[in-house]
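Trainee: Single-letter residue listing:
6 protein chains.
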Amino acid sequence: MPWQERPAGSTDIMWRYSENPIIRRDQIPTSNSIFNSAVVPFEDGYAGVFRCDNKAVQMNIFAGFSKNGIDWEIDHEPIVMQPGNTQMIQSDYKYDPRVVFIEDRYWITWCNGYHGPTIGIGYTFDFKTFYQCENAFLPFNRNGVLFPQKINGRYAMLSRPSDNGHTPFGDIYISYSPDMKYWGEHRCVMKVTPFEDSAWQSTKIGAGPIPILTDEGWLMLYHGVINTCNGFRYAMGAAILDKDQPEKVKYRTQPYLLAPQVAYEQVGDVPNVVFPCAALHDINQNRLCVYYGAADTVVAMAFGYLDEIVVFTKENSL
Amino acid sequence: MPWQERPAGSTDIMWRYSENPIIRRDQIPTSNSIFNSAVVPFEDGYAGVFRCDNKAVQMNIFAGFSKNGIDWEIDHEPIVMQPGNTQMIQSDYKYDPRVVFIEDRYWITWCNGYHGPTIGIGYTFDFKTFYQCENAFLPFNRNGVLFPQKINGRYAMLSRPSDNGHTPFGDIYISYSPDMKYWGEHRCVMKVTPFEDSAWQSTKIGAGPIPILTDEGWLMLYHGVINTCNGFRYAMGAAILDKDQPEKVKYRTQPYLLAPQVAYEQVGDVPNVVFPCAALHDINQNRLCVYYGAADTVVAMAFGYLDEIVVFTKENSL
Amino acid sequence: MPWQERPAGSTDIMWRYSENPIIRRDQIPTSNSIFNSAVVPFEDGYAGVFRCDNKAVQMNIFAGFSKNGIDWEIDHEPIVMQPGNTQMIQSDYKYDPRVVFIEDRYWITWCNGYHGPTIGIGYTFDFKTFYQCENAFLPFNRNGVLFPQKINGRYAMLSRPSDNGHTPFGDIYISYSPDMKYWGEHRCVMKVTPFEDSAWQSTKIGAGPIPILTDEGWLMLYHGVINTCNGFRYAMGAAILDKDQPEKVKYRTQPYLLAPQVAYEQVGDVPNVVFPCAALHDINQNRLCVYYGAADTVVAMAFGYLDEIVVFTKENSL
Amino acid sequence: MPWQERPAGSTDIMWRYSENPIIRRDQIPTSNSIFNSAVVPFEDGYAGVFRCDNKAVQMNIFAGFSKNGIDWEIDHEPIVMQPGNTQMIQSDYKYDPRVVFIEDRYWITWCNGYHGPTIGIGYTFDFKTFYQCENAFLPFNRNGVLFPQKINGRYAMLSRPSDNGHTPFGDIYISYSPDMKYWGEHRCVMKVTPFEDSAWQSTKIGAGPIPILTDEGWLMLYHGVINTCNGFRYAMGAAILDKDQPEKVKYRTQPYLLAPQVAYEQVGDVPNVVFPCAALHDINQNRLCVYYGAADTVVAMAFGYLDEIVVFTKENSL
Amino acid sequence: MPWQERPAGSTDIMWRYSENPIIRRDQIPTSNSIFNSAVVPFEDGYAGVFRCDNKAVQMNIFAGFSKNGIDWEIDHEPIVMQPGNTQMIQSDYKYDPRVVFIEDRYWITWCNGYHGPTIGIGYTFDFKTFYQCENAFLPFNRNGVLFPQKINGRYAMLSRPSDNGHTPFGDIYISYSPDMKYWGEHRCVMKVTPFEDSAWQSTKIGAGPIPILTDEGWLMLYHGVINTCNGFRYAMGAAILDKDQPEKVKYRTQPYLLAPQVAYEQVGDVPNVVFPCAALHDINQNRLCVYYGAADTVVAMAFGYLDEIVVFTKENSL
Amino acid sequence: MPWQERPAGSTDIMWRYSENPIIRRDQIPTSNSIFNSAVVPFEDGYAGVFRCDNKAVQMNIFAGFSKNGIDWEIDHEPIVMQPGNTQMIQSDYKYDPRVVFIEDRYWITWCNGYHGPTIGIGYTFDFKTFYQCENAFLPFNRNGVLFPQKINGRYAMLSRPSDNGHTPFGDIYISYSPDMKYWGEHRCVMKVTPFEDSAWQSTKIGAGPIPILTDEGWLMLYHGVINTCNGFRYAMGAAILDKDQPEKVKYRTQPYLLAPQVAYEQVGDVPNVVFPCAALHDINQNRLCVYYGAADTVVAMAFGYLDEIVVFTKENSL
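Chains as they are written, first to last, in our numbering: chain A, 67 to 384; chain B, 67 to 384; chain C, 67 to 384; chain D, 67 to 384; chain E, 67 to 384; chain F, 67 to 384.
Chain A extracted, bound-state conformation:
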């Protein structure tokens, strides 16, 4: 998996890839921007589902492949869905995908346009043929993120109920399903913080990459948003959720782990955005590589050591 050591002299818990961004806004001919995308190990390399907004600024998801996780070949045509557990696969737009392998297949969730944004679900076995399932929830919702295994026998999904606009609020909930079709047992996981306690995550929050199981519980990277007088700023933090009852938050970073501080994060279609959507990790090597959208324009990577992130989360918890 992609990796770079921490830069000399740095004490940061997470650090950027020196060759960021790894995916340019015009990597495919029709794209206005490519960002907020998801990758997973696949065969002897990696596969991914990429958010490419075309030059009409229509949002859609595209498959892509890479040998090293850094250099990507992205299809020039968006993913076409086959009916999965439903015939109703209407979709006005698709954006901000996540991907996870569970049991026998790769599940994809994304923000699906069905009379407003809600959580679309699909799956593939090969990243060539894709099947779309029933939407998980009623509108309005965003940032649906599956756990990589069933919990107490049910699929589990994080999401952020929202509204139909730019949504100046948003907390993280969890829901469960016996079958990826009907969902229930909705629980509030964690909410925005009081401004005084941790302003960077005081406006809205949303789950990012697929949670990673650690000895302390589920490591959930997420984005938090502060509402400055010149707009939203998106940064990344971490939380540890209880292994068996992930609606219980054990720890949660008061400081952010990564915030927009370099040009490709500060300048672009939406300035000041760090938006993590996927992560590769190697438990044995203790390595984490996070893929994040930068400025709603490009894809970048950041690295860290898993154990350091867990310790930091515990020691800097709200």
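Derived by calculation from the structure, the hints in this document are not laboratory data. On a predicted model such as this, the values are computed, not experimentally measured, just so you know. Cβ coordinates follow ideal geometry from the N, Cα and C atoms, glycine included. Accuracy of the hints is not assured; some may be wrong.
As the list claims (entries may be wrong) - Covered by chain E, per the in silico footprint, the following chain C stretches (three or more residues, Cβ under 8 Å):
hint	segment
1	85-97
2	123-134
3	233-244
What the hints assert, rightly or not - Not the full set, but computed from the structure, chain C residues with beta-carbon under 7 Å of chain B:
hint	residue
4	107
5	158
6	295
7	298
8	329
9	333
10	349
Given the structure of chain A, go ahead and fit chains B, C, D, E and F onto it with the hints provided.
Mentor: Here is chains B, C, D, E and F on its own, set in the frame of chain A:
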């Protein structure tokens, strides 16, 4: 069931009970207002679940009983819930209940406060002991209304996804459940109308009483809202939904059936509100009696002939 | 023309008709409300153009006739327009008409729905056949009011540029036309007042009846709006415009002449509205009879002596 | 002082005067409305300072006198101020006065227009000659209410920092002054309540009449506001503040004591307003008479027994 | 005229000038920024009207001259207007000019401050003496753009009715005039797109350079705006209007032609703005050179082949 | 004190330090950003109070020291306050400090979180031990700036009453105190300008560094804000206040002195911010060095000649 003939000279499809309101705002000692409430036939009379806001303006639901459907004895203490299909019966507030008998028990839905409004579900066999189930959906939602029988083997519920405030938007959706715990197969049923076509229902709409099965399909009474320069005005209309696929709207009234035009509807805690939550009907006698909240302050009744309403809906459909 | 003497003991400059409202909300079978309407002397009685919102709350204008100006027969079908000086007679809605006789015909202006509200123009010779002309202006505009004679050889129209919503602003402008088709020479006539000076007209203002030529100049009755914490309140004032350059305001009432203070003005579809749209006057008898919409629901009348109003306007001018 | 016994059958803690309103909107010739006014015992009767908005809806305060506290003679001209402890007596408007006798004179506070609303201070010895002092605070502030005696040697004033509009927020603070000119030691006294706990006071609150010293501490009547979908509703509650440290709230009513439920409170220039500004009390007779503005249009009275109100506040405290 | 070939390897329909920006923000001593400006061939070179905001950020228009269309000499004093077809040449501010030669003179239109923004009209023969005419429309309006020849005997102007603020809406209309003084026959030309279809132009649109007559009809370049969570982003598209009835849109680009993607477009007084106001073209050489404001700070150029743009517009039409 | 001559060829009244920014965002290990900070001469060098937002984006103030005013050592822990003239030293956050030496000590004012932003006051003799006093005002207020000497025997403070959010309004007031505890004699000093006159300061204004006494009166540098369609832009201007009655504005710059035009001012956590908080000056050498926060991220310096600034302010006054 309660009934009065159409007043002489009137050509209205629906008409008010001459002794309205039937429930005063101070009918129980602690109440600020009693409105938006639900009734059903029960034993040799009627039972109901009433929204009573107390003088702290806390919203809760109360059981009540009546011999004739007009004169009501409402409990002085709110309903206490036992765990039903869940131990999680948190509720910051309860309001706008609906009640329906399905199979073996009376199901109650209401707007339940769980980190914002969502749809609470409960049941009772006797209106003495009540059991609370898992919330149907994630917040934010209001106006959850069950169908009185399973459709294609699943429970079916109408609802209106919304936000956490006064919600200047809102359309009617339907969701299905195999077990009253997990919900899915969400479909948009009908949306607000263009202002030019039918302004009274151009801001938001929400299902009212339990739908009534007629030869034409499900008769769904609903409220529609116009946003005047001095606030919202709530009125009542009707739609006919397909019997087997109720997400299909066959007919929908362009004109309203009842709008605020008398003092107890025009003046009160929230002026200009007609908000139907329940209906009694007698297919054989062709009679319909709608209970509606007036001005968010009291409960009133209106009458009509079922077949006339169906014909009117068909002939005045959008 | 309709008339009642000032009530004994009253010192009001204008007073209400004792039998108000003169037109009920349900005066025709399909109407939700009838208000903001215009009347003129016609043949041996009076004719009028009435705003009737139907029970779908669609806005349209209807012709009506009266022998005495008080008891009105209103057509049950809305006015159908023939092409006048244009083939483009699209109209999504019509509301708030004014009527005036100039030269050889009755001109009608109204708020016309063409991709938003603008000023529609039409004419009739007999109140049976109506001809629609080019809209006077681009959207968004409301309250177009013609002067009853050409000024310096051109038609003159007051209007209030606005937006597409409930418009929390609005000033009165004048425009001129050589031919009722092309308009120009737009001038600002008068603006809202500072809150401290005359709060009742500090949010928006709009011309009401056709201006009346007096020795002092054009008497323009208008509505003014205050934005209270519970919505807009519409009241009526008067201004005197220069005879030859009506964009020059000679006098303007600091106090209102009539504000919502009785039930039919305070309670209705839009509470607290007095909205004058027409006036009959008799210079010889010094009498003025104003027709105004009350609470966006009904039509009412108020009376006054022309010379008293002019004197009051001069002596209480801002 | 004015008094009526509790109506037979009532269990209300406070009840309305049967002849309400006691002051009509047109009690003086120029007034649009008279409301939110203050009264005190004076000589062998009562004096008051009345908010009269004139027919230009300019806000000002007027002196008035009464033998019985019910029938009032209000001056036809507003109060003219002489310089008190300052030459700067600019005032764009004056509204919502309170009056209290301290030491040797009657102090008046009001909402004073100085580049926005702030708290004006004045005094009189005879209700004929009035002196204006420095404004207590910077804008923006409303509802300044003095305590009737010094506390720890300093004058004490409650107020509600706000903004320059209709202010959808507002909590009660206290400030102290050695000399009625310079103010400091600002403390937060009490804030709005969570919606779930007591919705009627969840949007903004403000002190009402001069606090009354009881055995339990200072009895502070106040108004609370709920933001309904059709605007603000103002009701009245009570709190008990610590005698020596009035920034400490000992008790505070969860239910309201009086809310808009009769026509003159529900219908008027601003519907649904009960706004207390003054109270007469007789410790020996255990009587309280509250004067409140109703619907921003008229003045009304309500009665209660002091000890019952104190007990109710303790037993129904948040 | 200015020209550069398409960069090697590029497939873009339009490409930027390599030496952009061509006009710096401080090109004249008093300027805060120079942008959104218009140029035309003049004598043996080019003349232009430039929007220069001074360091008080007052908006005004300045004349300028160039031999090659790239290097500009801009007057240090704003244009002074002489009365043209009116004495009323009041102007609180002038911005976003367009220039076109019709018949015998150069006509200038701009956003003119007259109680809010409206469309100012002026003309010059020599770019030394300028004459101001009647404003075309009532406020509020922006982006008035004349056609370069009469259509059916009348002058024709595109414009965008708006409001007095930052205007989160706006469609393109056309109006006609026999004499550049009175305007009428207003028609809606094209509206914003549904978000799903072409988000970059879903918030507001406005005409840019003077339309160019091609074999397919009028080529109208325009700006479209998307409302991101961090503000508006302005990009450029193209439409083909019917030659004789330009209110009929034949084709309209679903993708944009140019959007903010380089530093001088992404960073400045208003980030992320590409705002075309003028174009030079050479039909014989098939060349187009567009002048656009970048980030509301500087002026830049982009090039394209006319026939390619027309084909692209046809083949990528909504 | 720090100084650089005006760059060759420049005619600017104020110019930037060539090595800007002088303080990086990560100058201390925990900081997200360091900006809007204050410095004073201290012992044989300089001391300062710095706003450092940590990586939780909690706002606090830190002491720092420098030999040359350019290279700063900032403490790694925030300032801890001892009780000064009060025991109530609650502070939810501290930001935007100013520092001034008066009589015998260094006074610090800052925006202090006490149920919203208000003006905190503290002092130190040595920048090691700090004492906190009573807040000067009720919330909501920002930008409290003391004069460096008593005026007519009282301390004087500029401030900007505001609200609890991003505050789209704000004018500069002055208040006086005999004792740094009680404040009064509040006067409006200067307000925002009409958009047409000087748009850069038309939304809100606030005092910046400690005023400097010159022959013409108090030189007050301040920030002004324009509300662009993509957010606020903060720039710097100057005013001259009367020496003895500083509420009287003698001159005020119509143009700004410095506005965001270089990368570190245009890009950062809040783009387009120049926010002056402190200044060093040397009357004899006629030099001024202003410290300003740039983009809410770093600290920068700008220079100018005092006499040129005073002359410019007089000659370019509104």
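Trainee: Does residue 333 of chain C pass the interface check with chain B, least Cβ-Cβ distance below 7 Å?
Mentor: Hint holds; residue 333 of chain C Cβ to chain B Cβ min 5 Å, cut 7 Å.
Trainee: The hint names residue 295 of chain C as touching chain B; please verify it with the least Cβ-Cβ distance against 7 Å.
Mentor: Since the shortest Cβ distance to chain B is 12 Å, the answer is violated.
Trainee: Return the status of the interface hint for residue 107 of chain C: holds when the least beta-carbon distance to chain B is below 7 Å, violated otherwise.
Mentor: Violated - the Cβ of residue 107 of chain C stays beyond 7 Å from chain B, reaching only about 32 Å at its closest.
Trainee: Just to be careful: measuring from the Cβ of residue 329 of chain C to every Cβ in chain B, is the smallest value less than 7 Å?
Mentor: 9 Å, violated
Trainee: Hint residue 349 of chain C vs chain B: min CB-CB distance below 7 Å?
Mentor: 36 Å, violated
Trainee: Should the hint that residue 158 of chain C touches chain B count as held when the rule is a Cβ pair under 7 Å?
Mentor: At 4 Å from the nearest chain B Cβ, residue 158 of chain C passes the 7 Å test, so the hint holds.
Trainee: Quick check: the segment 123-134 of chain C, covered by chain E? Criterion 3+ residues, Cβ under 8 Å.
Mentor: Violated, because only 0 residues of the segment 123-134 of chain C bring their Cβ atoms closer than 8 Å to Cβ atoms of chain E.
Trainee: At a Cβ distance under 8 Å, does chain E reach at least three residues of the segment 85-97 of chain C?
Mentor: It is violated, with 0 qualifying residues against the three required.
Trainee: Does the closest beta carbon of chain B sit nearer than 7 Å to the beta carbon of residue 298 of chain C?
Mentor: Given a least distance of 5 Å, the restraint on residue 298 of chain C holds.
Trainee: Mind checking, does the segment 233-244 of chain C have 3 or more residues with a CB under 8 Å from chain E?
Mentor: Holds, because 7 residues of the segment 233-244 of chain C bring their Cβ atoms closer than 8 Å to Cβ atoms of chain E.
Checked against the numbered hints listed earlier, the structure breaks hints 1, 2, 4, 6, 8 and 10; every other hint is satisfied.
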